[in-house]
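*Asks:* Turn these sequences into a full structure, and let the hints steer you where they fit.
2 protein chains.
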Amino acid sequence: MDLQEFLLNLIIIYSAARVMGEIALRLGQPSVLGELLAGVLIGGSLFGWIEETPTLKLMGEVGVMLLLFEIGLESDLHAFLKVGRAATLVAVVGVAVPFLLGDLLGLTLGLSQLQAIFLGATLTATSIAISARALAELGQLKTPDGHVILGAAVIDDLLGLIILSVLIGLATTGAVSWLEVGRSAGLATLMLATAILIGIFYGHRLGDFLKLLNTRGSLIVASVTFALLLGYLSGLLHIAPLVGAFAAGLVLARTEQLAHIEKAIKPVADVFVPIFFVLVGAAVNLSLLNPFEAANRPYLLLAAALGVAAVLGKLVAGLGALGSKADPLAVGIGMLPRGEVGLIFAGVGLSQGIIKEGEYSAILLVVAGTTFLSPILLKWRYARLRA
Amino acid sequence: MDLQEFLLNLIIIYSAARVMGEIALRLGQPSVLGELLAGVLIGGSLFGWIEETPTLKLMGEVGVMLLLFEIGLESDLHAFLKVGRAATLVAVVGVAVPFLLGDLLGLTLGLSQLQAIFLGATLTATSIAISARALAELGQLKTPDGHVILGAAVIDDLLGLIILSVLIGLATTGAVSWLEVGRSAGLATLMLATAILIGIFYGHRLGDFLKLLNTRGSLIVASVTFALLLGYLSGLLHIAPLVGAFAAGLVLARTEQLAHIEKAIKPVADVFVPIFFVLVGAAVNLSLLNPFEAANRPYLLLAAALGVAAVLGKLVAGLGALGSKADPLAVGIGMLPRGEVGLIFAGVGLSQGIIKEGEYSAILLVVAGTTFLSPILLKWRYARLRA
Numbered sequence: 001m002d003l004q005e006f007l008l009n010l011i012i013i014y015s016a017a018r019v020m021g022e023i024a025l026r027l028g029q030p031s032v033l034g035e036l037l038a039g040v041l042i043g044g045s046l047f048g049w050i051e052e053t054p055t056l057k058l059m060g061e062v063g064v065m066l067l068l069f070e071i072g073l074e075s076d077l078h079a080f081l082k083v084g085r086a087a088t089l090v091a092v093v094g095v096a097v098p099f100l101l102g103d104l105l106g107l108t109l110g111l112s113q114l115q116a117i118f119l120g121a122t123l124t125a126t127s128i129a130i131s132a133r134a135l136a137e138l139g140q141l142k143t144p145d146g147h148v149i150l151g152a153a154v155i156d157d158l159l160g161l162i163i164l165s166v167l168i169g170l171a172t173t174g175a176v177s178w179l180e181v182g183r184s185a186g187l188a189t190l191m192l193a194t195a196i197l198i199g200i201f202y203g204h205r206l207g208d209f210l211k212l213l214n215t216r217g218s219l220i221v222a223s224v225t226f227a228l229l230l231g232y233l234s235g236l237l238h239i240a241p242l243v244g245a246f247a248a249g250l251v252l253a254r255t256e257q258l259a260h261i262e263k264a265i266k267p268v269a270d271v272f273v274p275i276f277f278v279l280v281g282a283a284v285n286l287s288l289l290n291p292f293e294a295a296n297r298p299y300l301l302l303a304a305a306l307g308v309a310a311v312l313g314k315l316v317a318g319l320g321a322l323g324s325k326a327d328p329l330a331v332g333i334g335m336l337p338r339g340e341v342g343l344i345f346a347g348v349g350l351s352q353g354i355i356k357e358g359e360y361s362a363i364l365l366v367v368a369g370t371t372f373l374s375p376i377l378l379k380w381r382y383a384r385l386r387a
Numbered sequence: 001m002d003l004q005e006f007l008l009n010l011i012i013i014y015s016a017a018r019v020m021g022e023i024a025l026r027l028g029q030p031s032v033l034g035e036l037l038a039g040v041l042i043g044g045s046l047f048g049w050i051e052e053t054p055t056l057k058l059m060g061e062v063g064v065m066l067l068l069f070e071i072g073l074e075s076d077l078h079a080f081l082k083v084g085r086a087a088t089l090v091a092v093v094g095v096a097v098p099f100l101l102g103d104l105l106g107l108t109l110g111l112s113q114l115q116a117i118f119l120g121a122t123l124t125a126t127s128i129a130i131s132a133r134a135l136a137e138l139g140q141l142k143t144p145d146g147h148v149i150l151g152a153a154v155i156d157d158l159l160g161l162i163i164l165s166v167l168i169g170l171a172t173t174g175a176v177s178w179l180e181v182g183r184s185a186g187l188a189t190l191m192l193a194t195a196i197l198i199g200i201f202y203g204h205r206l207g208d209f210l211k212l213l214n215t216r217g218s219l220i221v222a223s224v225t226f227a228l229l230l231g232y233l234s235g236l237l238h239i240a241p242l243v244g245a246f247a248a249g250l251v252l253a254r255t256e257q258l259a260h261i262e263k264a265i266k267p268v269a270d271v272f273v274p275i276f277f278v279l280v281g282a283a284v285n286l287s288l289l290n291p292f293e294a295a296n297r298p299y300l301l302l303a304a305a306l307g308v309a310a311v312l313g314k315l316v317a318g319l320g321a322l323g324s325k326a327d328p329l330a331v332g333i334g335m336l337p338r339g340e341v342g343l344i345f346a347g348v349g350l351s352q353g354i355i356k357e358g359e360y361s362a363i364l365l366v367v368a369g370t371t372f373l374s375p376i377l378l379k380w381r382y383a384r385l386r387a
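Quick note, the sequences are listed as chains A and B, same order. Heads up: the first sequence begins at 1 in the working numbering, then just goes up one per residue. Heads up: the second sequence begins at 1 in the working numbering, then just goes up one per residue.
Everything labelled a hint here was simulated from the structure, so no lab data went into it. It is possible that part of the hints are untrue.
Given that identical chains are not distinguished, each listed pair holds provided it fits within a single copy or across any two copies.
To be verified - Mimicking BS3-like on lysine-lysine, the simulated pairs with C-alpha atoms at most 25 Å apart in a straight line are:
| # | residue 1 | residue 2 |
| --- | --- | --- |
| 1 | Lys325 | Lys379 |
| 2 | Lys325 | Lys82 |
| 3 | Lys142 | Lys263 |
| 4 | Lys211 | Lys57 |
| 5 | Lys379 | Lys266 |
| 6 | Lys379 | Lys142 |
| 7 | Lys211 | Lys263 |
| 8 | Lys325 | Lys57 |
| 9 | Lys266 | Lys325 |
| 10 | Lys266 | Lys211 |
| 11 | Lys142 | Lys325 |
| 12 | Lys379 | Lys211 |
*Replies:* So this is what it looks like as structure tokens:
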């Protein structure tokens, strides 16, 4: 690909992502939904304006690593230690129940065990970004509800990353090897735990090291390099590079320079991340969603059934907040939005040929549906609680 | 290239660039010199730790566009209009004399007309970054000397971009077509003039448009997209994409959001730009600089001769400040540092096969030499002026 072609691809991706992101926002939706739809629009199944080249793919993969790095930076370990029991219960139930419902649904529909596991996994992870923004808009970010939801979403994310490692292990070996699952999960947990411990005890020393750097841009480049390095080491351990990037964020979250790193990483992530979501959207084959095509109906039914499982699973999880000061129903609703992480799971399944395009499209519908539903239901719930 | 290999390349490039940049800074040198040397170290002629892949090359090319975009953003058209006559004279003489000296030197040494033109061109452009930093360290940024040097450096940059278009036109047609030179220069001038006029009269309206964007990261992504778009359009006109990116910077410099754009573009440029300089450094073949190898002596002599031409040309240019309040010698010394732009010229010549590795290495030596010389001589001159 020559420079002109590359520039044209970037211009189209950024323009479409921004325009659709703005439209989504004006319709009360998160802009990530717009970016995905932008990909659907400019991808092969509609306009066909872009094609996935190796360079775009690599930049998108770095983008999603930077996204997880940033989420790691924003994760306050202390905040969720305080909400403790309720948040953990909500997170664990909120991962287990949707996973089991999705898995059972897959097996009932005659899918293989591996496919069913992928389906279940895509229903597990709550999107921190969407929850946080919806709660902020309702003024519920610094209430017991907000603390439990955000705390649970953080644990959710940790569990989700472990699940991702398990899924990648599974996708690589091609069979359900529980030894492999244990090894993957063990390594991921070990890596995260090590990162957290290093972060707590030595994070500030890393900050002292960063202080030695005087050249312009050294803080951001050193931070990005650290994220890429832990991502690369994860890859060597056969766990997802995302896990390492997230762990790098957790470690650097403990440095004095956190505010500077966060400020500098945002524009960098803003430039890389849309490439990932647009390519994800571009991978959706719209023709599979046509209800007039008889062959598609199973997938559309799958989307509806998965949607019910996704909502039900998280509402049940809300019961974990019983006995705390938080409202169980509001917590359950706050946990509804699925986002990046679920799509990453589905993307891994799709790229490994485990999940097919139709199933991927169904999952995309569920993500869109839950993302759309949560702010509306939260608004309704708080209006009712006030009355 | 798979993700792991790509991550490893990025980690090596960033680590080497940062370490060498820090060492350069501690030795009183600009960090860009360290990044170039980092490339020399990890490139093929020494350790061979990285190889130039298409993805790295494209990212580096976007990086250098972002660098010029940022320089465009920082260019204050009004400031140099005020220093006016002196700055223009210094800039024009400071481009013409080194160019003629370099060209004559090349022809004397038996090079072709095209090669001689490239040699001359690499001696023309003063590095704004290095001048500004050296002056700041000496407290001379807001004096008549500082204004003339910076004003002249800005005009230098405009002239340099026109020269680049001419060079690329020449490199493409393979012969000195003065019609083509006129057309390239005309188009580049027209494009820059249009950008400046649009910037002056409509820049703030572009700011009004940017205000309509509400999604996170929309300002930086829209700005980068604008730079890539003007770069792409430049490419369609057969002028360098850098020219368009620089023009985009000039236009956005007139918007209300300038401060926000500048703040956000810096970390993004910091992540992309080192890839360019490291790859440039990696292209240097060190074995050609061995003085014990008889075949190399012509190139080493070339470096010495070019160095004399480079210094002499800019000292003569300083005389353009006669009659202003600025000190002509200090101005000439302040114009000495060559940097990015000269290396870009040389890089174009190298990639088109016009300049050979040996000549490229000689130019790199001249850049390093002038960059090294200027702060030392400036310090000496101001000590003498005070005495």
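*Asks:* Under the constraints set out in the numbered hints, which ones does this structure not fulfil?
*Replies:* 4, 5, 8, 9, 12
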